[in-house]
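Chemist: Quick note, the sequences are listed as chains G and W, same order. Numbering of the first sequence is given in the numbering used here, commencing with residue 1 and proceeding in unit increments. Numbering of the second sequence is given in the numbering used here, commencing with residue 1 and proceeding in unit increments.
Hints are computed from structural coordinates only; laboratory data are not their basis. Don't take each hint at face value.
[What the hints assert, rightly or not] For lysine to aspartate or glutamate, the following DMTMM-like pairs were computed, each having C-alpha atoms within a straight-line distance of at most 25 Å:
| # | chain 1 | residue 1 | chain 2 | residue 2 |
| --- | --- | --- | --- | --- |
| 1 | W | K226 | W | D280 |
| 2 | G | K281 | W | D114 |
| 3 | G | K281 | W | E281 |
| 4 | G | K281 | W | D280 |
| 5 | W | K25 | W | E99 |
| 6 | W | K226 | W | E265 |
| 7 | W | K116 | G | E251 |
| 8 | W | K76 | G | E50 |
| 9 | G | K282 | W | D114 |
| 10 | G | K43 | W | D26 |
| 11 | W | K130 | G | E23 |
[Claimed, not checked] Chain G regions said to be covered by chain W (calculated; three or more residues, Cβ under 8 Å):
| # | region |
| --- | --- |
| 12 | 49-59 |
| 13 | 258-269 |
[As the list claims (entries may be wrong)] Computed list of chain G residues with no C-beta within reach of chain W, every gap over 10 Å:
| # | residue |
| --- | --- |
| 14 | M25 |
| 15 | L123 |
| 16 | E222 |
| 17 | P225 |
Glycine included, C-beta positions come from ideal geometry on N, C-alpha and C.
Letter by letter, the chains look like this.
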Amino acid sequence: MSNTATRPTTEQAARSAAPRSNEPMSGANFLTGLIVFSIRSLKHSFRDAESLLMAVILPVMLMLIFTYVMGGAMDVTGDGSTSSAQYLSYVLPAIVVTAAGFGASYTAVVVSNDMTTGFMNRLRTMPFPSVTVLLGHTVSSMVRNLLATAVVFAVALAVGFRTDASAAQLAGSVGLVALWILVITVVFAVLGMVAGSAESASGYGFMLLFLPYVSSGFAPVESMPNWLQGFAQHQPMTPIIDASRALLNGETPGNEWWIGILWCAGFVALAVWMAAVLFPKKVAR
Amino acid sequence: MSYTDTPLVEIAGLSKSYGKHHVLKDLNLTLPPGIHALLGPNGAGKTTLVNILSTLIPYSAGQARVLGLDVQRDRKQLQGLISLTGQYAAVDGALSGMENMLMMGQLFGLTRRDAKRRADDLLERFELTKAAGKRAATYSGGMRRKLDIAASLIAGPQLIFLDEPTTGLDTRSRQALWDEINTLAAAGTSIFLTTQYLEEADVLAERIMVLNGGGIVADGTAAQLKQRVGGSTIQLHDDAGHIIETLPTHGDAADVAHQLAAISEQRPEVSVTVRKPTMDEVFLELTGAPVPTNSNKKEATSE
Numbered sequence: 001m002s003n004t005a006t007r008p009t010t011e012q013a014a015r016s017a018a019p020r021s022n023e024p025m026s027g028a029n030f031l032t033g034l035i036v037f038s039i040r041s042l043k044h045s046f047r048d049a050e051s052l053l054m055a056v057i058l059p060v061m062l063m064l065i066f067t068y069v070m071g072g073a074m075d076v077t078g079d080g081s082t083s084s085a086q087y088l089s090y091v092l093p094a095i096v097v098t099a100a101g102f103g104a105s106y107t108a109v110v111v112s113n114d115m116t117t118g119f120m121n122r123l124r125t126m127p128f129p130s131v132t133v134l135l136g137h138t139v140s141s142m143v144r145n146l147l148a149t150a151v152v153f154a155v156a157l158a159v160g161f162r163t164d165a166s167a168a169q170l171a172g173s174v175g176l177v178a179l180w181i182l183v184i185t186v187v188f189a190v191l192g193m194v195a196g197s198a199e200s201a202s203g204y205g206f207m208l209l210f211l212p213y214v215s216s217g218f219a220p221v222e223s224m225p226n227w228l229q230g231f232a233q234h235q236p237m238t239p240i241i242d243a244s245r246a247l248l249n250g251e252t253p254g255n256e257w258w259i260g261i262l263w264c265a266g267f268v269a270l271a272v273w274m275a276a277v278l279f280p281k282k283v284a285r
Numbered sequence: 001m002s003y004t005d006t007p008l009v010e011i012a013g014l015s016k017s018y019g020k021h022h023v024l025k026d027l028n029l030t031l032p033p034g035i036h037a038l039l040g041p042n043g044a045g046k047t048t049l050v051n052i053l054s055t056l057i058p059y060s061a062g063q064a065r066v067l068g069l070d071v072q073r074d075r076k077q078l079q080g081l082i083s084l085t086g087q088y089a090a091v092d093g094a095l096s097g098m099e100n101m102l103m104m105g106q107l108f109g110l111t112r113r114d115a116k117r118r119a120d121d122l123l124e125r126f127e128l129t130k131a132a133g134k135r136a137a138t139y140s141g142g143m144r145r146k147l148d149i150a151a152s153l154i155a156g157p158q159l160i161f162l163d164e165p166t167t168g169l170d171t172r173s174r175q176a177l178w179d180e181i182n183t184l185a186a187a188g189t190s191i192f193l194t195t196q197y198l199e200e201a202d203v204l205a206e207r208i209m210v211l212n213g214g215g216i217v218a219d220g221t222a223a224q225l226k227q228r229v230g231g232s233t234i235q236l237h238d239d240a241g242h243i244i245e246t247l248p249t250h251g252d253a254a255d256v257a258h259q260l261a262a263i264s265e266q267r268p269e270v271s272v273t274v275r276k277p278t279m280d281e282v283f284l285e286l287t288g289a290p291v292p293t294n295s296n297k298k299e300a301t302s303e
């Protein structure tokens with residue numbers, strides 16, 4: 001053998017003696033895990049300057065394009081009048097949920113990266129609830145998307161959006177949208193866990209990104225061909241966007257708000273169930 | 001509680017299968033504290049065994065205790081005493097070296113202050129102090145490995161699992177890592193490592209288990225393994241050093257003397273060497289697999 005490792009002297013060994021625990025380490029509790037991983041994921045988000053910039057710029061561009069390119073041609077009030085300002089207040093909730101879809105797809109990528117590298121394997125041999133890793137990514141996605149939402153609203157105000165809505169109505173409008181952001185983030189987190197790679201994870205989620213387009217978000221459902229109306233009317237986006245829009249413009253939503261909340265609850269329950277069943281089985285190889 | 005008198009690993013009738021595919025078959029093993037190497041070719045089941053012992057995956061049948069604790073029933077308690085460094089570095093590239101250390105420390109249940117103190121010590125010991133503030137993504141392969149191992153030591157584990165710790169490292173980094181592993185062991189931490197490289201098992205481990213096809217085909221010190229395969233030979237060389245004849249021998253003095261007497265009578269001009277099989281030959285004999293060498297190290301990654 002040409003290579004031999006130097007046997008350490010007792011002196012070296014003593015110097016380097018790591019404090020060895022004779023009692024098992026207790027491990028972090030759920031809350032500590034959640035905080036540690038939320039901070040970690042937020043660092044990921046804010047250090048990846050490019051994707052953070054995209055997360056903010058994309059929705060703003062989407063809003064400006066829809067407002068100024070399509071807005072002048074759209075009759076959303078049904079009274080034959082068209083104006084960009086009218087369309088802006090119509091399309092705003094749809095812009096935010098569409099952008100949230102893009103923002104949340106990032107979650108699938110980061111979760112998938114954790115799953116397919118050795119990172120998750122180490123965490124699973126440690127004494128703390130490892131599901132907090134997923135929750136940390138969820139918290140970070142919420143923060144990132146709400147930040148983008150705030151910027152969208154700021155730009156909307158700057159280009160002339162006005163509303164008579166009360167503070168409570170605004171809070172309700174944003175709350176509904178935030179609930180959907182949570183839903184789509186959790187769904188993408190599960191996709192990231194299930195998918196074999198980061199690329200396929202964001203691929204699976206691509207279909208979800210189209211949901212807002214086939215809803216009342218960008219154009220009234222009645223203006224669509226008959227065969228499409230059935231789907232557009234009965235998918236989660238339409239009630240959420242309708243309710244959010246009504247509140248945003250100071251109106252009282254009908255039944256849409258609780259139908260929307262039911263959809264969200266259903267999706268979250270499904271995703272949590274999938275996570276609970278699949279997460280313990282998923283081990284990177 | 002002291003772990004010096006508790007067997008490090010106790011395995012009885014341990015099996016693991018995925019459907020009809022049997023990865024581990026009826027393993028039995030008892031190991032005292034110390035450095036142990038699990039040697040075997042790709043696909044032998046090394047990683048599967050490490051994953052079971054480190055609580056990562058459940059086994060199908062049998063029993064497995066580590067540090068006296070059942071790997072499934074006493075999972076959480078055991079997790080507070082061990083750490084796993086897998087084949088793929090568990091380092092978060094977006095975080096700095098120090099942030100990685102603190103994160104692991106806090107997850108083990110250390111306060112931030114304690115974690116910081118230990119992280120400072122460990123980073124210094126692994127010569128990463130200068131790089132501590134830089135993102136791990138900028139580290140070299142050897143530095144990532146070192147950070148990976150340093151992070152696994154933050155809670156002072158009794159036992160660390162190293163799954164192919166030097167795969168993909170250059171010779172210098174490998175040597176440096178071997179030194180660290182020996183230092184750790186000298187300070188009393190037990191080590192269970194897997195490797196495809198005989199040299200590594202020979203240099204590091206007190207005891208080597210050869211795993212092949214899901215079963216332990218040999219178990220002992222390097223010397224014992226060589227002896228087990230037996231096959232000492234007497235080689236006769238000509239003036240140029242070429243082997244002209246190889247004679248089997250039991251290897252003991254009586255047999256060698258007896259054969260030498262005959263040789264010296266018939267062919268007094270030849271030079272003679274008595275040789276034991278090398279570890280490479282042992283490996284080949286026991287596993288039937290071609291011997292992995294350092295030169296094909298790069299392609300050997302996972303199993």
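Chemist: Check the structure against each numbered hint from earlier and tell me which ones fail, lowest number first.
Modeler: Failing hints, ascending: 2, 3, 4, 5, 6, 7, 8, 9, 10, 11, 12, 13, 14, 15.
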